[in-house]
Amino acid sequence: MFVTPEGERVLIVDGHTHLWDGRPTNWRNDYGRTFIDTFWSGHVGFTPPDKRWNQDNFRYYGVEKSARDLFVDGYCDAAIMLPVDLREFYNEGFNTTEQCSALKALCPDRVVLNGRIDPREGARGLARLERDHDRFRFKGVKLYTGEWNGNSRGYRLSDDFVRPYLEKCRELGIGILHVHKGPTTHPLDYDAFDVRDVDQVATSFPDLKFVIDHCGMPRIDDFCAVAGQEPNVYGGLALVTSFIRARPRHFKQMLIDLLWGVGPDRLIFGSDYAITSPDWIVEAFMAFELDEAETTEAGHALDLAAKRKILGLNAAKLYGLDVDALLALPPVTVPAGQARDAAE
Amino acid sequence: MTDPAAAGGGIAAATKAARIGDVRARLDQIRDPELDEPVTAMGFIQAIEIAGDDVRVMFQLPTAWCAANFAYLMAVDMKAAVAALPWVASVEIVLLEHFAARRINEAVGQDLSFVAAFPQKAEAELDDLRQTFLEKAFLARQHAVLAALSKPVAILAADWSIADLERQAGESEALGAAAARYLALRRSLPGQRAFVTAGGEAVAAADWPVHLREIRRTAMTLAANAEHCRVLASARTA
Numbered sequence: 001m002f003v004t005p006e007g008e009r010v011l012i013v014d015g016h017t018h019l020w021d022g023r024p025t026n027w028r029n030d031y032g033r034t035f036i037d038t039f040w041s042g043h044v045g046f047t048p049p050d051k052r053w054n055q056d057n058f059r060y061y062g063v064e065k066s067a068r069d070l071f072v073d074g075y076c077d078a079a080i081m082l083p084v085d086l087r088e089f090y091n092e093g094f095n096t097t098e099q100c101s102a103l104k105a106l107c108p109d110r111v112v113l114n115g116r117i118d119p120r121e122g123a124r125g126l127a128r129l130e131r132d133h134d135r136f137r138f139k140g141v142k143l144y145t146g147e148w149n150g151n152s153r154g155y156r157l158s159d160d161f162v163r164p165y166l167e168k169c170r171e172l173g174i175g176i177l178h179v180h181k182g183p184t185t186h187p188l189d190y191d192a193f194d195v196r197d198v199d200q201v202a203t204s205f206p207d208l209k210f211v212i213d214h215c216g217m218p219r220i221d222d223f224c225a226v227a228g229q230e231p232n233v234y235g236g237l238a239l240v241t242s243f244i245r246a247r248p249r250h251f252k253q254m255l256i257d258l259l260w261g262v263g264p265d266r267l268i269f270g271s272d273y274a275i276t277s278p279d280w281i282v283e284a285f286m287a288f289e290l291d292e293a294e295t296t297e298a299g300h301a302l303d304l305a306a307k308r309k310i311l312g313l314n315a316a317k318l319y320g321l322d323v324d325a326l327l328a329l330p331p332v333t334v335p336a337g338q339a340r341d342a343a344e
Numbered sequence: 001m002t003d004p005a006a007a008g009g010g011i012a013a014a015t016k017a018a019r020i021g022d023v024r025a026r027l028d029q030i031r032d033p034e035l036d037e038p039v040t041a042m043g044f045i046q047a048i049e050i051a052g053d054d055v056r057v058m059f060q061l062p063t064a065w066c067a068a069n070f071a072y073l074m075a076v077d078m079k080a081a082v083a084a085l086p087w088v089a090s091v092e093i094v095l096l097e098h099f100a101a102r103r104i105n106e107a108v109g110q111d112l113s114f115v116a117a118f119p120q121k122a123e124a125e126l127d128d129l130r131q132t133f134l135e136k137a138f139l140a141r142q143h144a145v146l147a148a149l150s151k152p153v154a155i156l157a158a159d160w161s162i163a164d165l166e167r168q169a170g171e172s173e174a175l176g177a178a179a180a181r182y183l184a185l186r187r188s189l190p191g192q193r194a195f196v197t198a199g200g201e202a203v204a205a206a207d208w209p210v211h212l213r214e215i216r217r218t219a220m221t222l223a224a225n226a227e228h229c230r231v232l233a234s235a236r237t238a
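Protein chains in written order, with my numbering: chain A, 1 to 344; chain Z, 1 to 238.
Just chain A, with the same shape it has in the complex:
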C-alpha cells in the first residue's frame, strides 16, 4: 500500500510480474543470451541509476528477493504473475508457471498466479491446461504470441487454432486472457506488432476479458482504436509506465492518449518486474500530474480517484480481489540475509 502525504491509503496491485531464470546454465542456445540481454537493456535504460541491479542478479534473483522488491519495498499489496515458458531458448523454461509458483507459495494471499497457454500445442496443450488448472486454479492465462515453438516464430489471435483454447478457458472458468503484444515474428512480413487481431477475438468472446500487455506498444495508436471499441479489452501499462522517469514527456503523451482512448477504468499498472521494480514507478506515478489543458485533452482527470483505479482497483476488480482484506494483511517479512541489492 502507498500512503499519500495526506494519509490516504492507496491499494497497489502490480499487474505484470515474473520470476525468471535467465542464467547461462539455463540457456539452451544463444537466443537465451540475447533474450535476457534485451531485458537487461530495458532494466538499465529505465531504472533510476541508484536502483539498478548488477547483471548476474538480474538474470536470477530468486523468490525471496522478489517478495521483498514487490511487497516490502515496492508498495504492492498484490502481484499478478504472468508465466511464459520459452523452452526453445531455456532448458528448464524461462519463467514457467512452476517457477512462478514459488512466490505464490511464499506469499499465497498476495500472489495471483496465472497460467500460460500456447494454442499451437493442439490437444496436448489443452490437456496440459486442464492439468495445470486442476493444480493451480487459474483466473487468467498468458498468451505470448511471439514465442517460438518448433518451426513457428509466433502466431496471431485470429489464427484458427486459437479458438479451441479460448473455448477451453471459457469452459474451465478462466475468464482473463493476458496477451503480450510484442515482437511476434511470424509471418516475418507482417507488421509484427499489429494489435488488430485482438479486435476479432474480443468480439467473438465478449464474456472473456483481454488484457493487452504493454498496450500494444509500439502500436498504441492501433491499440487505442481497438480498446475504444471493445469493452472487454484492457490496457496493461507495463513498459508504458516505465517511461515516466527517463522519458516523462513521452509518458505523458501516451497516458493522455490512453486515458482518451481507453479511459481510467480499463488501465492496469504493471512494473514488468524484474525488468524494473515497482517502487520508483509507484512513487513517480503518484506524483505525476496533468494540467488543465492536458486534462481536457485526455478527457479524464488524473486525480487520486483515477490513480487508485489504475494502480490497484482496476486489477482488483478484474481479478475479484477483496480490497479491504488485502489492505489488512500483515506485512511480508523476508529473511534478513538478502539485503536490498545496492547499485553496482
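Some hints could be false.
Subject to a maximum C-alpha distance of 35 Å in a straight line, what follows is the list of computed DSBU-like cross-link-like pairs (lysine-lysine) [as the list claims (entries may be wrong)]:
1) A:LYS104 / A:LYS139
2) A:LYS168 / Z:LYS121
3) Z:LYS121 / A:LYS209
Read the hints as simulated data drawn from the structure, not as lab findings.
Please arrange chain Z on chain A, whose structure you already have, making use of the hints.
Only chain Z this time, still in chain A's reference frame:
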C-alpha cells in the same frame, strides 16, 4: 607515397576519408521506416569500411529481437543508396547481433526478394508494410507542422493550400523545418490542399478536430517507439 594501401594499389587516406563521408551522407538519407528517423541519427551504424571501391556497412539494431522485416527494408535501402555512388563497385551490408542476421545478410547480398529470403516464414513482399509506415510518417510529419502553429491557427489551417503553408513556413524557423519535412512527402500526393489524409483526400471541416487527434496519436506512437529504441540502444553503452 609511403601509404602501404596506396603502394598496394589501394587509395590514399584522404580519399578514403572522403569516401566514408560519401557513404555516411547516403546513409543519412535512409530512415528506419517504423520510426521515420535516419539510421545514422538512431546510432544504428556501427562501422563503414572502405577497401578500394568496395564498401562494407555494419549496422546493429537496439535489440536482437527487433522486427526482421524492418531490418530487411533498412538493409536493402542502405545497399541501394550506397551502390548509387559513382565510385562504388560493390556494397556489403552486415547486420550484427540479430536473430535473423545470417539469413538477412545472405539474402541482401544476393539481392533476393524478402519472400525468396524467407520462403517458409514470409507470406508476402514488404511493399504494403512500407506503404503503411510511409502513411504513418506522413501523418506524423503533418502533426509536427500543426503542432508548430499556435492552437487557434491550427484549427483554422484546415483549408490552407500548399502555397499558404509555404508562405507561413517562411515566418518561423521551427515551422519551416517541420513544413519542409512534411512537404517532401506531401508533394507526391495530388491536390493543392496543404493538409490531407494519407490517401490524399481533403479533410471535411466537421472532421478536422478528429483528424487532428488521430494524427497526434500517430505521431505520439512513432515518437514513443523511437524513444524506446533509443533507451534500449543507450543501455548497450551504459
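Going down the list of hints, with the structure as the test:
1. A:LYS104 / A:LYS139: 14 Å, holds
2. A:LYS168 / Z:LYS121: Satisfied, since the Cα-Cα distance of roughly 29 Å is no more than 35 Å.
3. Z:LYS121 / A:LYS209: At roughly 31 Å apart (the allowed maximum being 35 Å), LYS209 (chain A) and LYS121 (chain Z) satisfy the hint.
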